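A.B. asks: Read off the chains here:
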Amino acid sequence: MHKRHFLKTLFAAVLLAGGVGAAQADALSSAEKSGVLRIAVPQDFPPFGTVGPDLKPRGYDIDVANLIGREMKLKVELIPVTSTNRIPYLTTGKADLVISSLGKNPDREKVIDFSSAYAPFFNGVFGPGDAAVKTAADTAGKVVGVTRGSVEDLEFSKLAPPTANIKRFEDNNATISAYLSGQVQLVATGNVVAAAVNERSKLRRLETKFLIKNSPCYVGVNKGEAALLGKVNAVIAKLKASGELNQVSQHWLQAPLPADL
Amino acid sequence: MAYAFDFSAVLEYREALLAGTGRTLMLTGIGAVAGLVLGTAGAVSRAWRLAPFDRIFAVYVELIRNTPFLVQLFFIFFGLPSLGVQMDEWQAAILAVVINLGAYSTEIIRAGIEATPRGQIEAAQSLAMTRRQIFFHVVLPPALAKVWPAICSQVVIVMLGTSVCSQIAAEELTFAANFIQSRNFRAFETYFVVTAMYFLLAVGVRQVLALTGQRLLGRRSK
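Chains C and W are the protein sequences, given in the same order. So the first sequence is numbered by this note's numbering: it starts at 6 and just counts up by one. So the second sequence is numbered by this note's numbering: it starts at 33 and just counts up by one.
For the record, the hints were derived by calculation from the structure and aren't laboratory data. Mixed in with the good hints there might be a few duds.
Stated by the list, open to error - Just the calculated beta-carbon pair ranges, DEER-fashion:
#1 W/Y223 <-> C/A232: 54 to 64 Å
#2 C/K139 <-> W/N216: 25 to 35 Å
#3 C/G57 <-> W/V117: 49 to 59 Å
#4 C/T97 <-> W/N216: 36 to 46 Å
#5 W/I189 <-> C/P58: 46 to 56 Å
#6 W/A242 <-> C/L216: 53 to 63 Å
#7 W/N216 <-> C/G108: 21 to 31 Å
#8 C/K163 <-> W/Y223: 19 to 29 Å
Claimed, not checked - Stretch by stretch, here's where chain C covers chain W in the computed footprint (C-beta under 8 Å, at least three residues):
#9 111–118
#10 198–212
On a predicted model such as this, the values are computed, not experimentally measured, just so you know. From the three backbone atoms N, C-alpha and C, an ideal C-beta is built for every residue, glycine too.
Generate the whole structure from the sequences, applying the supplied hints.
C.D. replies: Okay, here's the thing in structure tokens:
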């Protein structure tokens, strides 16, 4: 243990000597020293992160990253990552935070810590505002479109009452077209898909009726960074209270932040 | 190759396969009967230049024969509701099949009608038969008999083409295959079984049509 610590310090010293301010024990104080917070964000996963027409990253995660930087009074350095390398970027010290539509699961919790949730991410049943559907049982006798073989197909098929008329389509596009053209009354899909539809089509809005599977997004922080994690959690709580996070949700997901997030 | 074949994973779903087969046959049957009636009407309109129907059928035939069946189906199912024409997946599928077969059979049957010797019609006219009598008794039976093999092939093509109706969630045989494959991930076994089923269906439909032709039109058709 002692030896390991020594090696770690030595390694950090070498890096510092080389002019790279990183990989110190306390990410918060080193970020505050350099004035820069390095945040890994997606750029291939709309609406959480894409590249805008000006070739700059933009999206829900980027907005949250900038808000956290503003609250911590640090300059934000955005590091584009993919879904496969986002955790390695954090664990190898190339980023201080991962804000990359990251869901929580036991395997990941062994490797990194998670903040409180900052964005909703779920599969659910969606439909027009006037459809009186609150639980899976309410879909009895209704026509529900779903993309065949998707997670929501498998899960909803288990939940749905036998009289629910499930129409399975080839891809999300056909499922959504079936909804927009009135061929199905409800759809089971992801909230991100619903947001994309609401953004592009004003024909028939998709509103959340009930959740099938919930997996909200969290900010990823390295293990042992309690100070940074505490700070991030405080900022997220503040952004939720001030309504600013709700604005981000309205802008990118076309829906208010769920109350229980 | 370490893949272990497991056909029992497909047989578990035999009810879905049988239901799908029934619906494929239903779609083909209704489509064939209504499509051939439509095709006969189109053929006589075009062959005998019955204005304005000859023009209308000409446009219809060109429109349908030069566009993909899948697109026609999508247009009916996803497109028409924008104009207030709402059809469920079966109505849309049947309509698309009828329209499609109608266009192809118009041209096939027209060829048969145009091959009727002029003298045969003149002979009928000299017997003071009405136009209607001439058509139904003198022209149509031999015309259909001449082109019956082509009609049989076209109906089989249409039956195989109904597989795309799975795209609008009409639960026919291909839908059953895709559904089963999305549950057991046994792509080889599932599609192998369904391919064999389509083959048997096609052979069966061809036999039934050939027999029907013999019964209705006499021995000329084989």
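A.B. asks: Now tell me, hint by hint, if it's right for this structure.
C.D. replies: Going through the hints against the structure:
1. W/Y223 <-> C/A232: 54 to 64 Å: With Cβ atoms ~57 Å apart, the hint holds.
2. C/K139 <-> W/N216: 25 to 35 Å: 33 Å Cβ-Cβ, so the 25 to 35 Å window holds.
3. C/G57 <-> W/V117: 49 to 59 Å: violated (40 Å)
4. C/T97 <-> W/N216: 36 to 46 Å: Holds - the Cβ-Cβ distance for C/T97 and W/N216, about 40 Å, lies within 36 to 46 Å.
5. W/I189 <-> C/P58: 46 to 56 Å: holds (47 Å)
6. W/A242 <-> C/L216: 53 to 63 Å: At roughly 56 Å between Cβ atoms, C/L216 and W/A242 fall inside 53 to 63 Å, so the hint holds.
7. W/N216 <-> C/G108: 21 to 31 Å: holds (27 Å)
8. C/K163 <-> W/Y223: 19 to 29 Å: About 26 Å separates the Cβ atoms of C/K163 and W/Y223, which means 19 to 29 Å holds.
9. 111–118: holds (count 4)
10. 198–212: Coverage by chain C holds here, the residue count being 7 at a Cβ distance below 8 Å.
Checked against the numbered hints given earlier, this structure breaks only hint 3.
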